[in-house]
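Participant: Letter by letter, the chains look like this.
2 protein chains.
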Amino acid sequence: MPARQSDASSKTAKAMSVADYIIDRLAAEGIEHCFGVAGDYVFPICNAVDSSPKVKWIGCANELNAAYAADGYARIRGAAMLVTTYGVGELSAINGVMGAKAERSLIFHIVGMPSYQNQRVHKIAHHTLGDGVFGNFVALSADAACCHAVINPENCVVEMERLIAEAHRNNQPAYIAVPSDYALSPVVSADVKPIVPRSNETALKKAMAAIAERINKAKSVVAIPAATVSRLGLQKQAQKAIEALGCPFVTTLMEKCSIDEGHPQFAGMYAGAVSEPNTRQIVEGADVVLDLGGVNLNDITTAAYSDHLDLSRFITVGLDDVRIGDEVIANVRLADVLSELAKFKRSSAPYRGKPQGLAPVNGDPSDKMTMAALYPRYAAFLRAGDTVVLETGSSSLGMTPTILPDGVRVEAQVLWGSIGWATPAALGIALADPSRRTILITGEGSHQLTANDIGAMGRFGANVIVFVLNNSGYLVERALEENPNWTYNDLAPWNYAELPKALGCTDWFTARVTTLGELDEAMKSARASKSGAYIEIMAGKMDMPPALAFAHGQLQAMYGATP
Amino acid sequence: MPARQSDASSKTAKAMSVADYIIDRLAAEGIEHCFGVAGDYVFPICNAVDSSPKVKWIGCANELNAAYAADGYARIRGAAMLVTTYGVGELSAINGVMGAKAERSLIFHIVGMPSYQNQRVHKIAHHTLGDGVFGNFVALSADAACCHAVINPENCVVEMERLIAEAHRNNQPAYIAVPSDYALSPVVSADVKPIVPRSNETALKKAMAAIAERINKAKSVVAIPAATVSRLGLQKQAQKAIEALGCPFVTTLMEKCSIDEGHPQFAGMYAGAVSEPNTRQIVEGADVVLDLGGVNLNDITTAAYSDHLDLSRFITVGLDDVRIGDEVIANVRLADVLSELAKFKRSSAPYRGKPQGLAPVNGDPSDKMTMAALYPRYAAFLRAGDTVVLETGSSSLGMTPTILPDGVRVEAQVLWGSIGWATPAALGIALADPSRRTILITGEGSHQLTANDIGAMGRFGANVIVFVLNNSGYLVERALEENPNWTYNDLAPWNYAELPKALGCTDWFTARVTTLGELDEAMKSARASKSGAYIEIMAGKMDMPPALAFAHGQLQAMYGATP
Chain A
1 MPARQSDASS KTAKAMSVAD YIIDRLAAEG IEHCFGVAGD YVFPICNAVD
51 SSPKVKWIGC ANELNAAYAA DGYARIRGAA MLVTTYGVGE LSAINGVMGA
101 KAERSLIFHI VGMPSYQNQR VHKIAHHTLG DGVFGNFVAL SADAACCHAV
151 INPENCVVEM ERLIAEAHRN NQPAYIAVPS DYALSPVVSA DVKPIVPRSN
201 ETALKKAMAA IAERINKAKS VVAIPAATVS RLGLQKQAQK AIEALGCPFV
251 TTLMEKCSID EGHPQFAGMY AGAVSEPNTR QIVEGADVVL DLGGVNLNDI
301 TTAAYSDHLD LSRFITVGLD DVRIGDEVIA NVRLADVLSE LAKFKRSSAP
351 YRGKPQGLAP VNGDPSDKMT MAALYPRYAA FLRAGDTVVL ETGSSSLGMT
401 PTILPDGVRV EAQVLWGSIG WATPAALGIA LADPSRRTIL ITGEGSHQLT
451 ANDIGAMGRF GANVIVFVLN NSGYLVERAL EENPNWTYND LAPWNYAELP
501 KALGCTDWFT ARVTTLGELD EAMKSARASK SGAYIEIMAG KMDMPPALAF
551 AHGQLQAMYG ATP
Chain B
1001 MPARQSDASS KTAKAMSVAD YIIDRLAAEG IEHCFGVAGD YVFPICNAVD
1051 SSPKVKWIGC ANELNAAYAA DGYARIRGAA MLVTTYGVGE LSAINGVMGA
1101 KAERSLIFHI VGMPSYQNQR VHKIAHHTLG DGVFGNFVAL SADAACCHAV
1151 INPENCVVEM ERLIAEAHRN NQPAYIAVPS DYALSPVVSA DVKPIVPRSN
1201 ETALKKAMAA IAERINKAKS VVAIPAATVS RLGLQKQAQK AIEALGCPFV
1251 TTLMEKCSID EGHPQFAGMY AGAVSEPNTR QIVEGADVVL DLGGVNLNDI
1301 TTAAYSDHLD LSRFITVGLD DVRIGDEVIA NVRLADVLSE LAKFKRSSAP
1351 YRGKPQGLAP VNGDPSDKMT MAALYPRYAA FLRAGDTVVL ETGSSSLGMT
1401 PTILPDGVRV EAQVLWGSIG WATPAALGIA LADPSRRTIL ITGEGSHQLT
1451 ANDIGAMGRF GANVIVFVLN NSGYLVERAL EENPNWTYND LAPWNYAELP
1501 KALGCTDWFT ARVTTLGELD EAMKSARASK SGAYIEIMAG KMDMPPALAF
1551 AHGQLQAMYG ATP
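Residue numbers (the working numbering), protein chains in the order written: chain A, 1 to 563; chain B, 1001 to 1563.
No lab work stands behind these hints, which were simulated from the structure alone. Backbone N, C-alpha and C define an ideal beta-carbon position, used for all residues, glycine too.
Result set (DSSO-like, lysine-lysine): computed pairs, CA atoms no more than 27 angstroms apart in a straight line:
no.: 1; chain 1: B; residue 1: Lys1501; chain 2: A; residue 2: Lys501
no.: 2; chain 1: B; residue 1: Lys1345; chain 2: B; residue 2: Lys1205
no.: 3; chain 1: B; residue 1: Lys1541; chain 2: A; residue 2: Lys56
no.: 4; chain 1: B; residue 1: Lys1219; chain 2: B; residue 2: Lys1205
no.: 5; chain 1: B; residue 1: Lys1501; chain 2: A; residue 2: Lys541
no.: 6; chain 1: A; residue 1: Lys541; chain 2: B; residue 2: Lys1056
no.: 7; chain 1: A; residue 1: Lys501; chain 2: B; residue 2: Lys1368
no.: 8; chain 1: A; residue 1: Lys368; chain 2: B; residue 2: Lys1501
no.: 9; chain 1: B; residue 1: Lys1541; chain 2: A; residue 2: Lys501
Partial list, computed: chain B residues near chain A (C-beta under 10 angstroms):
no.: 10; residue: Met1098
no.: 11; residue: Lys1123
no.: 12; residue: His1126
no.: 13; residue: Asp1131
no.: 14; residue: Asn1296
no.: 15; residue: Tyr1305
no.: 16; residue: Ala1456
no.: 17; residue: Thr1487
no.: 18; residue: Tyr1496
Listed next, the stretches of chain A that the computed footprint assigns to chain B, with coverage defined by at least 3 CB atoms under 8 angstroms from CB atoms of chain B:
no.: 19; region: 95-101
no.: 20; region: 492-503
This is chain A alone, in the form it adopts within the complex (with noise of 0.2 angstroms):
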């Protein structure tokens, strides 16, 4: 996302503070929330974001939540903003910065720190080992970014410049530390321009003769618009060069509706062994596979690495580079080649696949809850304009070769898969686009994790629609153990419909489902819900999708030897 003109920029010689100026230059990247916990060294950057006109405190109820709400908000407006404090705060967020790395979301990172007056004289201070030594997380909180500086007045303005440019090459996340002396202090201006991480002109031309001569030569070509398209904002892009191409296109579990399924190049979801034969055929079987985006062919993507995928034929277009083979042509922008592929000319009528629709609604209302009767629910609740966050576990599992409606938006944590996530992305991707209504669709052991910040969504006018699955402990941990009934599988006894209310959101619609015409219902006042929804969905303890079942029987090949 370019850079707009921001105040800071503008503002320079007037001598903003450090702290103002670092939440100008990033509000001028688009983002309009921030995502924290306070805490006392960060005091002068949270004064500079709820004194900023542009953007808004989002308090989260603790740092970890307040990571994962960056990270879904970022998926959807390009960036975000998180402030946590020195050490506790930080460390906290650890896990949730590591995960947007991991499944590339861009995240600026600001920790404010101990005053450079108190880290020079080696204070014993508190949030510290007591041992007067300040560099210690910084060192940890790096290891989650791509790139990281602590800031001084001098060199703020270059740092932030390098550090933004850099995140968008990326697209992952910045670390900002900023002792809280220097974030008062005035910033020093300097003669820098917003960095623009553009293609080299001679290397998009050779990158795009090499893809054209692959892609001229081969009898069958599939393309897979990775997770990265929908990360950078790219997804009509992607669809524009598909449909010049002509090719079918299959997702795996990480990109699921980036381009809708009802698209008639739409060649299903690729899942090695569970794919549907057509569809594996398409994939294992193509002279090409033309991977826009850099797909992650891991466990989970491959079902178990049940795929008999030919890497030699891949052609990759990552972020910042075109892979064919062993040739690596640096320096070319995804975006870049997706522009030059929507010029192709294609020579033969484009693919068309047989249009799968949905899955029909089945059972009678009252009938007790099953997964064979929710997943077509779903499909059949959702509707153009809505945007599903999806929790690991079974929820993803059963939602992904679920065939959704077009306009429907579809986010996951696949690859890092961190139980908890989805609860508090949801939170960020509501905030991010108001004009889309968010669909949180979650088992209750993952919800456990995170589910304080259902405060916030009603604090903050977040209406999203929450469905929990409860069916008695980690359904997905019980479907991958010879015993399903390790203790550690159990869970406290929530009473999940009442939780809403216990924190603060008095206005939403709460309801406790056991028979499916209950849960039409439910389903029916919850879109009605001005405000926010949950619905408990009481379901069997061994009830599982048909995803999941196959796992079970793949343990063998998904862990090596063992688990």
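Given chain A, work out where chain B should sit, using these hints.
Facilitator: Chain B alone, transformed into the frame defined by chain A:
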């Protein structure tokens, strides 16, 4: 704590699995509970816990909570066990483990890694950055420990003894990473006995001679039993040493009540300029400050560096050394020094402080809540056999200057000061010693971070009495700033008293009180409750205890030039 006989050491000939060996060996350290969150890479470890007749699995809502609970447990039992999964789990826990490192609490943190098989061939796997690299998170988690190892069947027995010894030597966390296939392999036996850290006899004699020389020459001596005394379970030994010496002793915020405040030699709480004048004179005027365990003189314990202490007058008895001025005598254990000090023959009558007694309970039953009335009521409510867990913030700043009855134990995380710690820590503390009643005193802002483990309290029968002070935001932060009304100090408006029921604690006593009389009644009911109790106390937004009001005036000194 010396190792008890374990099945592990006697049964290695039978080739237990690595996972069973690790759990059994740690059980021999007196650990009967394992806090954690399951995950597939750590299944073999979880299974070993669930199969063990010696250790009970305590599933927490999330990993940070589990780490805090383990920290609390370790403070009572000497050591604790924490189990998390690779990457997502261990990183979620890292702040809690780092806090245990800072505060000298011994957590054995066991993490299940992807199988050696898959690591060896660089498989792309979930819970990684998708890069086939498996070492990055080990380096991060190891930083939160004082020692670590990646376990295999051959190094397991030796490494476990090394880790246990080193963790006890420092009373800090040990990090134990176990690839999932190795966890199931038979352990290879090794001829190694438990290594128990002991003093070097010569060094101990030298240290005692140096200490005696300094003390005998001194006109005045004051002792400070540091927080480490409690962490190592040496409270009685420290008390005997102090009684033999006959000198006055003081405590800082970090070691409140480690020796009864009714002890005749107790001379008050020392906190720099906010100490009672007599206490301050005793400490700052002493010829020798006998620091038993290594007191941490940070901004909190010195009330914003307002102390006037001459460190050249300190005798610091560390966990493993004695320091007098610049002379360090190493290989001397705190326990041994305390035993030797207990043999001291004093030449004069012991110090006798004036008994301070509890502050009188004030206010009428119909009065609205005030901090002036609340803290004396807590003191009157508490009794011998209670363990009070204080949350960082106004709760700890209000409670620490309040004299408490003899036999009350206090735990707080003063140096690391990670808000949210106290709620799960209370879970761990309650399970560590059910013969005592655990009382949690927290503000609602801190409580929001980790309140989801109130559910685990109910599930595992931890009958904690929870007091939640609801004063509409982070009071400690409002107090530490010129503008108390920044929006980042506001919170989602939870209905706290409804929370236990929503989290499954259906048989708890719950109340929401606004007057002193309501609090008195609720306290009686809470004390009578056989299960847990939860009291939400409604208080004024800016009504703060005196120590916090003092800190408000000390911002300049506390953070250098600026906060």
